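Mind docking chain L on chain C? Use the hints.
Protein chains: 2
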Amino acid sequence: MKKVLSIGLVCFSSLVLAQTKPDGTFVQYVNPFIGTGAVDKNSLSGSNFPGSTVPFGFVQLSPDTRDAPDDPASGYDYNDKTIVGFSHNHLSGTGVADLFDVLMMPTTGDVKFNAGTPDKPHSGYSSAFSHKEETARPGYYQVMLKDYNINAELTSTSHVGLHRYTFPQNAQSHIIIDMDHSLDKKRGYWSCKIIGAEIRVVDDHTIEGYRILSGWAKLRKIYFHAEFSKPFISTVLASGGKTYPDLTIINGSNLKAALNFNTADKEQIMVKVGLSPVSTENARMNIKAELPGWDFNATSSQSSAQWEKELSKIKIDGTLEQKQIFYTGLYHAFTQPNNMADVNGDYQATDLSIANAPDKTHYSTFSLWDTYRAAHPLYTLIQPEKTTAFINSMMRQYDSYGYLPIWQLWGDENYCMIGNHAIPVIVDAALKGIPGFNVEKAYAAIKGSSLTDHPGSPFTAWAKYQYIPEDVESQSVSITLEVAYDDWCVAQLAKKLGKDEDYDLFIKRSEFYKNLYNTKTGFFQAKLKDGSWQEPFNPQSYGGNGGSPYTEANAWQYFWYVPQNVSGLIGLVGGNTAFNQKLDTFFTLRDKPGEVNGNASGFIGQYAHGNEPSHHITYLYDFSGQPWKTQFYVAKVLNELYNNSSSGYSGNEDCGQMSSWYTFSSMGFYPVNPANGVYAIGSPILKHAEISLGGGKTFTMDAKNVGKNNCYIQSVKLNGKAYGKTYITQNDIADGGKLEFVMGSKPNKNWGTKPTDVPLAWGY
Amino acid sequence: MKKVLSIGLVCFSSLVLAQTKPDGTFVQYVNPFIGTGAVDKNSLSGSNFPGSTVPFGFVQLSPDTRDAPDDPASGYDYNDKTIVGFSHNHLSGTGVADLFDVLMMPTTGDVKFNAGTPDKPHSGYSSAFSHKEETARPGYYQVMLKDYNINAELTSTSHVGLHRYTFPQNAQSHIIIDMDHSLDKKRGYWSCKIIGAEIRVVDDHTIEGYRILSGWAKLRKIYFHAEFSKPFISTVLASGGKTYPDLTIINGSNLKAALNFNTADKEQIMVKVGLSPVSTENARMNIKAELPGWDFNATSSQSSAQWEKELSKIKIDGTLEQKQIFYTGLYHAFTQPNNMADVNGDYQATDLSIANAPDKTHYSTFSLWDTYRAAHPLYTLIQPEKTTAFINSMMRQYDSYGYLPIWQLWGDENYCMIGNHAIPVIVDAALKGIPGFNVEKAYAAIKGSSLTDHPGSPFTAWAKYQYIPEDVESQSVSITLEVAYDDWCVAQLAKKLGKDEDYDLFIKRSEFYKNLYNTKTGFFQAKLKDGSWQEPFNPQSYGGNGGSPYTEANAWQYFWYVPQNVSGLIGLVGGNTAFNQKLDTFFTLRDKPGEVNGNASGFIGQYAHGNEPSHHITYLYDFSGQPWKTQFYVAKVLNELYNNSSSGYSGNEDCGQMSSWYTFSSMGFYPVNPANGVYAIGSPILKHAEISLGGGKTFTMDAKNVGKNNCYIQSVKLNGKAYGKTYITQNDIADGGKLEFVMGSKPNKNWGTKPTDVPLAWGY
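In order, the protein sequences belong to chains C and L. Quick note: the first sequence uses the numbering used here, first residue 8, plus one each step. Quick note: the second sequence uses the numbering used here, first residue 8, plus one each step.
Same shape as in the complex, but just chain C (with noise of 0.2 Å):
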């Protein structure tokens, strides 16, 4: 579990990660490094990995610093002073470990098929290593690799991983290739297990094979197809613990190979492995298909140059750290959704059968729990396309197995988290008029997906009791609270398209959030089914992914979840003081009982930017007529909750999400409702930006006056004129236009204080 960072122990001082810049407007200000290790015992990290991959990529070829990761579930501990190997996939700052398929690690000397251990590096393959030298930029990453004096460096396409090993001279040189490399398998409750593998040395410098595999995705089959710039001279294949010199195949659950090779002084040898999740067919077309030959710098440029056309989509100004944390969060918030479709198109489907995507895509990786907050919306302003696919991708979800995803991973449903944000991220996108997906057919998927009885969804339940009973589900404030929106999204869609039916019963069921509402206490608490309150209460106290009402999270940090409507969350506390009474003490109280669960951290009094559910709090102080508040508390995350250390994230990046909270606040908006089309004005600490939305139009914003003491907004203007509403639309980004704000260092509290200054509840 993430140790609690406490705000007083954020770290800033200015760790000098080895980076050396590459080419490139935009991607010399990306730092993969950030938010891949904590840089004190009580700081925290994002989960994060260092290695090379392209934008959506299915490929993340990075190293991994533990032989069974676990915690980061990146694979890749910045603290860490050993690396065991490269493997071709990782997920990016989520709180669960798996993928790291298909290891491999260049040694010399004598063959060793063990990883080794954190204590005892070299008694396995693994080798110490410097981060003074370790380099890393979009596409290119390189470590010296200390015990063998092996320069790795690694690229990448969107199929296949690109690595280049500078040998020594050693007539014994080694590639060694780790099929058994996981998740933890002793974690029992991932039940990661192999189910079979197969390593074949189809000649002398190509390899080929699979693994099956259950983990965190039930079950995943990945297969592999491996060509050597120079032919290895022998080969040993390893089964469990037994060894077979020059044996051409292998089958298994635990399988190893090493691959012999007599290398002169800084010979350079490549490697190129393309996978597929589909057959050893498919991964040799992806090889075909991206990367026929065998320039690495070629192949390290193209991938910088994508990197370098999805980057540009904001150009902004602000300071050099500025530039590194919001340049790095787009590279984070790109990272995924992956495409797990071959370059044919073939994937596997939720219902684990071999399907084809027309369009070539088939995007998975969805922590829609986290991402629906501000990854989607953000998406849908600079990834539009993207979107569309993203869209047609969890379509295939709803197709085969009943309901839009909650938690994806290669391409497969495991329920993780709570509640149904596919849906307001598809309604988003609908009312939003991102074009490319069936509206009438993505409306019965989310209705569907409204209706039925689901792991986490009991909707019958829901339907007769008007809140979830903590007795009939877990985490049922929470979800009673999540569910209550996503309907808030179903309605709004629902309402577009005619249904009218259809809207009076999900806007009827997005009020149920007040069911939960204990006036005695001010806070939403669990009821069982006979109604009664759940007792003992206390507010401080977390829940965790079951066993309490509230998910990762406590009373304090969900009583602020209305985000379908804020002022019918205001009226059930008495009015805007009390709300802001209450929203002041929520940012001060800083006592926490002594369990804290792990992902709650960058506290802010209870306020906890380290994980989602608080996300959206700091700006509802615009709702109830204090904006000066939010700008302060938004203000205040940007600037202590964010750097360019390795521990840049005050907890789990999360797919993006933690960092797309930064592309959007530091421009000065954030959807605090993702689908209504409405953007809280916060505190802007970038000079200036520029939005590209495609079509040549662009949205613009200037802040003058701004720096760390400089937090509030003096005066606005949109597109040349006096602004004073604490919000703006999505028609005013869509249409292009200009926002201008001047900072000062005190508040002016006529500015969006008049009530009809308030952002709007209900949507467009």
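These are computed hints drawn from the structure, not numbers from a lab. If you're wondering where the values come from, they're calculated on a predicted model, not measured in any experiment.
If several chains are the same, the list does not tell them apart, and a pair holds so long as it fits within one copy or across any two.
In silico DSSO-like links for lysine-lysine, alpha-carbon gap of 27 Å or less: (1) Lys724 x Lys756; (2) Lys295 x Lys237; (3) Lys225 x Lys192; (4) Lys193 x Lys225; (5) Lys439 x Lys745; (6) Lys393 x Lys454; (7) Lys200 x Lys225; (8) Lys119 x Lys536; (9) Lys728 x Lys320; (10) Lys119 x Lys193; (11) Lys249 x Lys536; (12) Lys471 x Lys119.
Positioned in the frame of chain C, the structure of chain L alone reads:
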């Protein structure tokens, strides 16, 4: 494990098995209850199932009498009193259970989702039944479910099961679907686990779904599409302990469904269930192709007609019991291998990718350690086209997995048993000139499978030590003997293809059996790597499937396993006299140690007809000048260790091998070496047999004076000419011809006793 059947307990009771006579000259003799259950506690069954299947079909729709079938592996025990339901696929005669997919059970009254226990059947959905109200014949099964007064009838096409349930008048009639019914999940060593499953209510008369599970087959995906002839009024889906009325889709690992009907008295409801290992779409397609309509009787007749066509390939005359045993035996031999390809040719390859077979067939269920002995030689004679398809299917494992099948289930290798007995199957077919497969490519597969180390086949040690050391691989004596035989087969095909170097290598390896012959004890015994004999040694001590040098047998039973060079074996013991004495002892030595392997049964002295290592041994007197003893023991086995009761086999029927022994032996000859084109003559018990060889050719056998007391050959004619050899050859059969025996009650010790009469030891 199986109970031991001593010879004195063999039951010839004319147990009347419920069976109505179908139309058809040959199908009328098939009694699917043969082999379905021991008639008393000390007797044995064949582990066969009584339900409906078509020759080599994908679906075996049959009743299961246990909730978590284990032993018998077929799921049905004739001694059980309750039926749990009807699942769609079953293994016939194996020692290990698997499959049992998509169980359906019609019920009335309250819905129950658990099956109940044998002790308390009424606690669940299972029902009592009586053999008096049960019928089985090819393509048809019927049983009255007493608890519900429901008559259930089953028939099938290759990919579709068709159920017809005749309900009583009841407003609470149901069809239960149990997707959690599987081999015993508590049996840790097969690791049976349902990874994922789905049930979807498509409309009021259609259900679809799938399950993905590991078991004996390490990963199976089974998709189904079920259509009902009458709309159901309502449904209840269940996951784990929770039930969901009128839910349309459910995903999970422990899924059930109840479909509810209001039935009139005698109202019939039909269900047709299409199955596919690839997708629900393919399952639908399989129904559309094979069973678009609803004519139960016509479907059953067509299934029966398919059997009639296949059974007519051998026409016999004999007693009614002989005909019943004979044709039921052919029925069991043709129950598998099973076509795992959908009607469009899609199948799951051994590397668990999805592939397509151009010929629309991909056969699996290769129990090769059993079936290479007699079942595959039988297929070469009367199923030559299928033999081609079997070989092409096995070659696909070589392509994707690196070596030929050992025990292939559901297209997947499970490494059950020892040796690489796809080799004799392919070599036999190649040498017999079966067309339709690439012999050069097949040879490459055979050679590769004989040189590549793989589980159970440590060929590096084989080359180094010239025997398998027990401290390298357990079951070393059995593996040494069987691999030596496989090597002899490789040598024969090498010779035919002009690969002289290969011939020299493999013919040398085929003699390695001698290296484990201990002249001091007169047995094949385990050696260790250091060349010493493993001690202690007891020739009657049994091994199982590891931990002993002998596989499911003892040293006595494995002593005789040199079918490639019986004269060499005779030479080892010092000539015919010593050899015959050893055989005499073998057939009469009745002492058994306390612990007999459960697969050893059907004893005559140390001879155990219930398991395959003994199957050729009765014929060995033919090689050593005392063919009348072969005749005696062959007739004894035919007459005493086969019958037409539910315990008609003296051990597991083993996917056709036990039956094929009978098929050959009852006609008077048997392939002691399954790949040398030589059939040793035993003791015919049938009056007449005609084998249709295709192309208008027929081989005929006639035997005068057959009878239980007339087991001895008096004289033989081949094609009208007196014939003194104790063998016939493949050419004698393949050319068409006529073999005539005159039998009598006393041995004719002048027949077949010249040295030149001995079966050829060295092939064609």
